[in-house]
Amino acid sequence: MFSYCSDPETLSGLTWLSCYLTTGKHTSLYLSFGTVLLLLAITAPIALVFGFGGASAARSRFVPLSWLGKAYIGIVRGVPDIAFFLFFVIALDQAFEYLRHTIKCPDWDQPIRQGNDFVVCAAAKLPLGDAPQWVHETYGFFLAVLTFSIIFGAFAANVLYGAMQAVPRAQVETAEAYGMTHRQAFWRIMVPQMWVYALPGLSNLWMVLIKATPLLFLLGVEDIVYWARELGGTKTPKFTDYPHGDWRMWYFGALLVFYLLFTKVSEVVLGRIMRRLTHGQATMGGEAQRKAAA
Amino acid sequence: MKYLLIAAAALAAGAAQAQTVRMGTEGAYPPYNYIDDSGQVAGFERELGDELCKRAELTCEWVTNDWDSIIPNLVSGNYDTIIAGMSITDERDEVIDFTQNYTQPDPSAFLAKAGADVDLTGGVIAAQTGTIQASYVAQSGATLLEFATPEETIGAVRNGEADAVLADRAYLEPIAAEDADLDFVGDDVLIGGGVGMGLRESDTELKEKFNAAIQSMKDDGTLNELITKWEIGATF
Chain A
1 MFSYCSDPET LSGLTWLSCY LTTGKHTSLY LSFGTVLLLL AITAPIALVF GFGGASAARS
61 RFVPLSWLGK AYIGIVRGVP DIAFFLFFVI ALDQAFEYLR HTIKCPDWDQ PIRQGNDFVV
121 CAAAKLPLGD APQWVHETYG FFLAVLTFSI IFGAFAANVL YGAMQAVPRA QVETAEAYGM
181 THRQAFWRIM VPQMWVYALP GLSNLWMVLI KATPLLFLLG VEDIVYWARE LGGTKTPKFT
241 DYPHGDWRMW YFGALLVFYL LFTKVSEVVL GRIMRRLTHG QATMGGEAQR KAAA
Chain B
295 MKYLLIAAAA LAAGAAQAQT VRMGTEGAYP PYNYIDDSGQ VAGFERELGD ELCKRAELTC
355 EWVTNDWDSI IPNLVSGNYD TIIAGMSITD ERDEVIDFTQ NYTQPDPSAF LAKAGADVDL
415 TGGVIAAQTG TIQASYVAQS GATLLEFATP EETIGAVRNG EADAVLADRA YLEPIAAEDA
475 DLDFVGDDVL IGGGVGMGLR ESDTELKEKF NAAIQSMKDD GTLNELITKW EIGATF
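The listed protein sequences correspond, in order, to chains A and B.
So in our numbering, spot 261 of the first sequence is number 261, and the numbers just go up one at a time.
So in our numbering, spot 175 of the second sequence is number 469, and the numbers just go up one at a time.
Be aware that one or more of the hints could be misleading.
Claimed, not checked - Coverage of chain A stretches by chain B, computed from C-beta distances (three or more under 8 Å per stretch; other residues unrestricted):
| # | segment |
| --- | --- |
| 1 | 30–44 |
| 2 | 84–95 |
| 3 | 116–128 |
| 4 | 252–266 |
Claimed, not checked - Label-pair ranges, simulated between beta-carbon atoms:
| # | chain 1 | residue 1 | chain 2 | residue 2 | range |
| --- | --- | --- | --- | --- | --- |
| 5 | B | E519 | A | I46 | 47 to 57 Å |
| 6 | A | G245 | B | G409 | 41 to 51 Å |
| 7 | B | E351 | A | I46 | 38 to 48 Å |
| 8 | B | G480 | A | K104 | 51 to 61 Å |
| 9 | A | G245 | B | K512 | 34 to 44 Å |
| 10 | A | T174 | B | A442 | 48 to 58 Å |
| 11 | B | K523 | A | G34 | 53 to 63 Å |
No lab work stands behind these hints: they were computed from the structure.
C-beta: ideal position from N, C-alpha, C; glycine also.
Produce the complete structure using the sequences and hints provided.
Next up, the structure:
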């Protein structure tokens with residue numbers, strides 16, 4: 001990075017540190033913060049959509065759909081995350097490739113399962129075998145987004161399901177008395193009012209999601225915890241220009257600060273959303289707001 | 295439409311010609327493989343792999359993957375080889391195929407606190423999960439303490455959680471040389487059938503290419519040079 005960094009052994013103190021902290025490896029650490037933030041930014045809304053779909057399905061009066069919704073919530077919530085990341089993602093990837101295989105290589109005569117191996121024709125590979133590394137990384141990233149969304153969607157579905165039940169029955173009854181159809185009452189009365197009951201549960205999920213990103217390395221996506229462990233580990237002089245002892249404490253300390261700051265910001269933002277949602281609601285919080293304004 | 299077809303045909307032809315082989319490694323096991331200061335995969339296997347690819351006329355790309363999921367991701371086709379200091383064992387051979395070994399069966403060694411009196415068959419021994427050393431400890435009667443990364447096994451000895459760590463001698467040597475508090479104890483043990491590249495069982499063609507390349511490196515002595523350079527252990 002800097003011109004004086006060419007011979008790190010002669011350096012000491014701050015100059016050494018400035019060189020150490022700007023190695024290519026450290027740049028990867030800094031970039032991985034972006035990866036994690038991007039993952040959260042994309043996963044959260046998709047998981048919410050999954051959750052909303054799951055909850056609406058579970059409440060459906062059409063029985064098979066309701067079973068489907070309840071099965072999704074029940075099964076996914078019950079499977080450990082790490083099992084999901086080890087096996088489900090690989091199965092998902094294989095499902096995509098199998099689909100492409102049947103479309104692109106109809107005259108393939110070999111079996112797809114050969115013992116333990118999963119073999120599809122080269123054109124069906126996702127991403128293609130000769131694609132550059134960044135394509136593979138992006139693909140892995142989106143698989144991760146999808147998996148996180150499915151897992152956290154199931155939890156969100158349960159939260160939203162509870163929230164929908166918590167909307168006072170009188171509200172829906174009044175809507176029906178006004179002649180609204182079931183659908184209208186759902187979209188105009190229930191959905192706007194349920195968020196205030198859902199938010200505490202959803203905010204919990206958000207906090208858990210923030211800290212779940214180390215699972216990414218199971219997919220080969222390098223997140224901040226991976227790099228902190230890699231950089232903090234003991235480095236012997238033979239393999240690096242910047243030997244040091246076990247510095248994991250310092251790296252994990254830095255991560256701790258990052259996580260605390262991030263959760264603090266989240267709490268502030270969620271607090272504001274809660275205040276807005278409470279406005280005009282028939283809850284204790286809404287009542288308190290009304291009294292304060294009067 | 296016509297142009298589209300031509301373009302698609304050209305793309306398909308291009309895909310058939312250029313064979314990119316993705317090399318999966320752990321990147322946390324110096325001197326075999328580690329991540330260097332610039333964030334790239336480096337080490338004995340990096341140099342070996344690049345040379346093998348050159349000889350087999352393949353384009354190679356390096357990827358890192360967690361040790362725990364390194365075999366599932368190979369059989370699922372996310373990369374094409376495992377080149378991660380993986381010893382050839384019968385259990386692994388049932389799931390994947392190996393090339394011929396490119397290191398001798400590596401002596402594994404016990405590393406403990408200097409001056410400590412360690413009971414190697416009854417004490418607490420640390421090893422990395424899913425390694426030949428871990429199964430060796432489990433069978434030896436000692437209490438096995440497993441960790442996900444090699445680094446943590448050393449940490450466990452340093453903080454007294456484990457009495458000793460069992461790992462490849464080549465991995466432990468630079469650590470013992472650097473740290474006066476740590477010393478080898480007991481005799482070395484020979485486990486496994488040497489380190490080889492792992493491939494899918496259906497990938498026989500690729501396996502033959504790498505086998506031939508390894509053989510040619512064994513024959514002209516370049517493999518021995520690499521082994522000596524990285525202090526991996528016994529030469530061929």
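Original post:
Which hint numbers doesn't this structure obey?
Top reply: 1, 4, 6 and 11
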